[in-house]
Every structure is written in structure tokens, then in C-alpha cells.
Amino acid sequence: MARYVLGRFFGIIGVLFIVSIMIFLMIHSIPGGPFDAMPTTSEFREIPEHIREKLMAKYGLDKPLYVQYFRYMWAALRGDFGISFRYGEPVTDFISRSWPATAQLGLSAMAIGIPIGIGLGILAALRPNTWLDYLTNVVVITTFVTPVFVIAIMSIIIFAVVLRWLPSGGWGEPNQWILPTAVYALGQIGGMARFTRSSMVDAMQAEYVRTARAKGLRERAVVMRHAFRAASLPLITLLGPMVVNLLLGSFFIEAIFRIPGIGGQITLALYNRDYPVIMALILLWTFAIAIAYLVTDLLYGVVDPRIRVGGTM
Amino acid sequence: MISLSFVLLLIFLALFANVLAPEGYDFQQYDKTWLFPSLEHPMGTDPFGRDILTRVIYGARISLAIGFISNFIALAIGLPYGAAAAWYGGAVDFVLIRIIEVINSVPNLLLGILIISVLGPGFGNVLFVFAITGWMGIARLVRGQFLSLREQDYVLAATCIGVPDYRIIIRHLLPNTMSPIIVSVTLGIPGAILGESGLSFLGIGISPPLPSWGRMLYDYLSAIQSHWYLAFFPGLMIALAMYAFTLMGDGLQDALDPTK
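Those sequence lines, one after another, are chains A and B.
All residue numbers for the first sequence refer to our numbering, where the first residue is 1 and numbers rise by one.
All residue numbers for the second sequence refer to our numbering, where the first residue is 1 and numbers rise by one.
Just chain A, same shape as in the assembly:
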């Protein structure tokens, strides 16, 4: 077991190493640098050549690429991701400043979406081909297939423009939280309900459920203690990456509702050619998702003792 975890961990490190080189090279091949003149901005001022050179030297941008890469990675390993070219503050400050909004949005979407999704899925599986099952199906198809930015825009049109019940964007007032959280949660409800329903339908037909019923257990105990426990296994594969994704934020939700979180910042950073911010966000993102998959695999063994990861029987 320990060998498996270590092996996977070093595998992740290897992948991250290659990915970081890839991203580093790609970002540096983006035409234009952070101190190039940008005539499109309103504060357009040509930077004199000698000052530009000094700036490039100050940030180490005049060194060969591989030197820049190793200097960057060495600092990154110690938690220093450099200074944002655009805002002049350390990237870590920048991230910790914009993360709370993202985390709040993600956590509330999870707190609403996951229980409702699982509940809907269980109910639909217990009463197949009833109105409840059909309703679940409609919710699932709508939220699973419709892109989140279309749902977001439609919800703004309905609730903010036509009905005028809620503001169309911003972050700070509690009533500005409702719409983005609801839209975000809706997507989670669809995914959770879909998987819960299909694995619960299978579980309810299993022999042990019949046995549990035969020995006279209450239906509630049969469903929750026997069927759902077995059916929750596939949900774990879904939950791990989902939690990480929710905590890292959504480009679309944050951009549409003008939420000052991480997801919205990365497109701004790309537009501003803010290399340190882009690099840090993508590395963190990739690392977090890789860890999520590892934890998911390990949890598998905890929930279902029949599975022994690593292949030792």
C-alpha cells in the first residue's frame, strides 16, 4: 500500500515536471512581453529602451530560458511564485486575496448541490417511471448538457432582467450570492443525481437487498444502510475531482457574475500577459487535480475492502 502511494506520488511529480516545462515554454512563446508598449490601453506610454532593459534585468527576463525556468521552479518549491507583473504584488498574495470568493462560491454550491443531487437520485431510483423519476431526468439532461454559461445567462435574463428579483452580478451583498451559487449548484445536482440514480437502480436489484428485506428490516434501513452504501462507491470517483474543481473556481460563472475569484482572474492574467500568475494558477490547478485523483483511488479501498489498490491480494 505504502509502495503504491509513493509510486503514484512520484508519478505525479514526474507529470508535473513535464507539464511545467511545457507550460513554461508555451507561455514564453506568446508574442509580446509584459513591458512592451500596448497602444490599446488608455494609459499608453512608450517605455524608453534603457528602462525596459533595466526592468527585464530586474525580473530576470534577459536570462536564457532554461535559467529562467530553473530559477522559477526552485523558488516555486519554496512557495514563492514570483511577483505579478500587472499588480506588483507577490502571486501568493494575489491568490490568497482572490481565493476566498472562489471558495465561498464553491463550498456553498457543494453544500446545496451534493445533498439535493444524491437525494433526487435515490428517490428517482426507488420510484422508477414516476413523475419524480421523469422530473429528475429532465433536471439531469438540462443541467448536464446545457453549457454552464448558457444556464447562467438564461438565469440572468429571467431573474435579473425580466423579473428583477436579483442583481445580475457583483459580489459582496448576500443577494448577489444567490444567482451564481444556484447556477453553480444546479450543475452539481445534475451530475450527482445521474450517477446516484444509475448505481442505486443496480444496487436495489442485488441479492443482499432482497436478503435484508427478507429478514424484515425497515425499508429505510435497507435503502440507506445496504443499498446506498454499496451504491456510493462510483460516487467517490465523481466527488474527488468535483470538489477540487469547485474549489478552484469556474471561469464562466466568475466572469459572467463579475466575481473577484481565481477563475475569473486567469483570463485577465492571460490578457495582461501576467506570466507569474498564469504559471502559478495552472501548476496549482494541475497539481490539485492530480492529488484529487490519487485520494479518490485510495478512498476506493477504504469504502470497498474488496478492492486492494496496488494489486496485492
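No lab work stands behind these hints, which were simulated from the structure alone.
The reader is advised that the hints may include incorrect statements.
To spell it out: a stretch of chain A is covered by chain B in this simulated footprint if at least three of its residues, at any positions, have a beta carbon under 8 Å from a beta carbon of chain B; those stretches are [said to hold, decoys possible]:
hint, region
1, 21-29
2, 80-93
3, 156-165
4, 252-261
5, 280-286
As the structure is a computational prediction, the values presented were derived from the model and not from experiment.
Glycine included, every Cβ here is placed at the ideal spot set by N, Cα and C.
Fit chain B to the given chain A structure using the hints.
Chain B only, in chain A's frame:
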């Protein structure tokens, strides 16, 4: 059936866009700006006096072109890649699969954003993004199928009588892999439509004045408070196209699955 008819309608719109809307997607009438939907302009007009219905029809052309071409490219890369990994096995398989793992570890949308910011937006570059990110699913699928089919007795028999590798792959393995591949490609089309409208919605996909549905959402989002219908119709089209193609793919899956 409804989904199939809508898919056919979309293909019809895409093919005959210039007949249905002869004035073109960039025809501007400055005396007809910001019009609310009416008989003359069923979906209204935008700030440049362009007819939204016309732009939505041409948008079908963009979405479908991206959807079909990118999946064709994905198939052209993924099929031989997966086949090679499964057939040669060993070190070849190891290296090919590791390459997929590395690319896959960066979320697709991020990778797309990165590639677009290196190459710049535009139709060809958006296609390139999907060509790079789209083939891995098919490669994995083909590899998995081939790995199990390779052990079949008829493959052993063919090898014994001296049939060359490429012939076994083309005559014996490929035909047995066709139905999951067809389903995967069909479901890849809404995936690419989603990706294109997503990138365009972030302002880094198809460049104006080409009327991509996602780009229209991006352009008209700022006017949503006063003129909601501008964003409503392109959004509706994205959603409907996604339903139609996804349901059609699901239907195909059921139809092609012999166990059902």
C-alpha cells in the same frame, strides 16, 4: 427522432445559410439598430443593425464546421495512435500512454486557453485546439478495444496463416471497433460545439465579424439589462444544438449496442 430532425435542420441551416439569409451575416443597417424582435426581424437587431436571425443561421455553419472537422481530425490522429499502442504493446504502449497522461493532466479548457493565447484567436486555431485535445479519448477507446480483440482466436488464426499486421488491423480489428467509435465521434460533436462556444464566449475563440454563437453571447452580454433578446437566442441555439447531438449520440449508442 426530434433530436435527429433538429440535427438535420441545423445541417440544412449551415449548408444553405447564404440562400436563407442572402444579405450576409455582416450586413449593417444603421437606421435599424437595437430593434426588438418583430415580424421583419424575428430575433431583433444588434447595435450595428445586423439581423440576429441571420447571424444565428450563419452561427450554425461555424458550430457544425467546428464540430465535424475537429472530430474528423481527432479520429485521424486517435485511431492510428490507439491502434499502435495496443498492437505493439510494451515500451511503445508505455510511452504513448504516458504522453496522453501528461497532456490530460492539464484541464482541457486551460490547455485551450494557453494554445489560443500562443497562436491567437481565429477559426483555424480553434480547430487546432480541438485537434490537440480531442484525439485522446478516441485513442484510449481504440486501444482498449484492440487490447481485448487482439486476444481473440480469429486474430491468432489470422496470424498463424501469415496475414500481415496491417491487414489484421484493417480487416479484423477495425470493423469490430466501429460502433463504439461511431458513438464516441457523435458525442464528440457536442463536445466540440461546447468547447468552441466556450472559448468564443471568453472572447478568445472565433474572431468577429464571424458570427459564432458563443461570441455573440460574449458581445451581447454587456447589453443584457436593456436588450436581453440579443443574448437569449444565441444561447438558446447552443443549448438546443447540444441536446440534439447528445440525444442523437445516446440513441445511436442504444441502437448499436447488441446487448440491449
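Status of each hint after checking the structure:
Counting residues of the region 21-29 of chain A whose beta carbon lies closer than 8 Å to any beta carbon of chain B gives 5, which reaches the threshold of three, so the coverage claim holds. Coverage of a stretch by a chain is defined here by at least three residues with a beta carbon nearer than 8 Å to that chain's beta carbons; for the region 80-93 of chain A and chain B the count is 0, and the condition is violated. Check on the region 156-165 of chain A: 5 of its residues sit with their Cβ under 8 Å from a Cβ of chain B, so the three-residue criterion for coverage holds. Against chain B, the region 252-261 of chain A contributes 3 residues with a C-beta closer than 8 Å to a partner C-beta. That satisfies the three-residue criterion, and the hint holds.
For the region 280-286 of chain A, the stated coverage by chain B holds: 3 residues have a C-beta nearer than 8 Å to a C-beta of that chain, and at least 3 were required.
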